[in-house]
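Modelling step: build the complete structure from the supplied sequences, incorporating the hints.
Just so you know, we're using this note's numbering here: the sequence shown kicks off at 823 and counts up by one.
Because the hints were derived from the structure by calculation, they are not lab data. Every residue gets a Cβ at the ideal spot worked out from N, C-alpha and C, and that includes glycine. A couple of the hints might just be wrong.
[To be verified] Only pairs whose alpha carbons sit at most 20 angstroms apart, straight line, appear in this in silico SDA-like list of lysine to any residue:
1. Lys965 - Gly915
2. Lys839 - Asp969
3. Lys932 - Thr949
4. Lys839 - Glu851
5. Lys932 - Gln945
6. Lys965 - Met911
7. Lys965 - Phe847
8. Lys965 - Phe923
[Said to hold, decoys possible] What follows is a set of in silico ranges between Cβ atoms, one per label pair, in the way DEER data are often shown:
9. Thr976 - Met903: 19 to 27 angstroms
10. Met855 - Asp918: 26 to 34 angstroms
11. Leu841 - Asn907: 23 to 31 angstroms
12. Tyr961 - Asp887: 26 to 34 angstroms
13. Asp929 - Glu851: 30 to 38 angstroms
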Amino acid sequence: MGEMAEPNYDLTRSVCKYLDRHLAFPLLEFLEMNESGLSPYDRESVVAAKLDLLLNTNMIDFAVDIYREVHNTDTPPDDLMDRRNEVLMVLGGLQDVCSPFLVIFEDEAKLAELQEENLFNMQHLETLGITDETLEYLYDYSKFQFDCGNYSATS
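Structure follows, in structure tokens:
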């Protein structure tokens, strides 16, 4: 087995500066789970780095879990729970605005029917309650879902 890598030879810090936060997580997960003993960082510092990264995202539930682990407590801070409530409120509002489109998009049969009959266009979608504004909010909804770590909902 090899020797532990020196932190100054590890490129994780250098690379993570240029990555989206969501892309940096797998690198930190690897450093945390690296059981070969070759990681230049102790597990506690990697978990603390994950928490720092999470606090700047909308992945609040994950941040709460990591906070509990780092601080060895069952009670997260009130400001984190307040932020969680804000995130859920914004997400709910965006979901309400986008619901006419989401209802159709989640119904594969209806979506296929609209496409087959060449009715998947704005003129017909407006008769179903989907406006240009709905589609603009759909971008915001997808981005917000991504920021919450719900990647499958954004695709």
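Unmet hints by their number, sorted upward, for this structure
Number 10 - this is the single hint that the structure violates.
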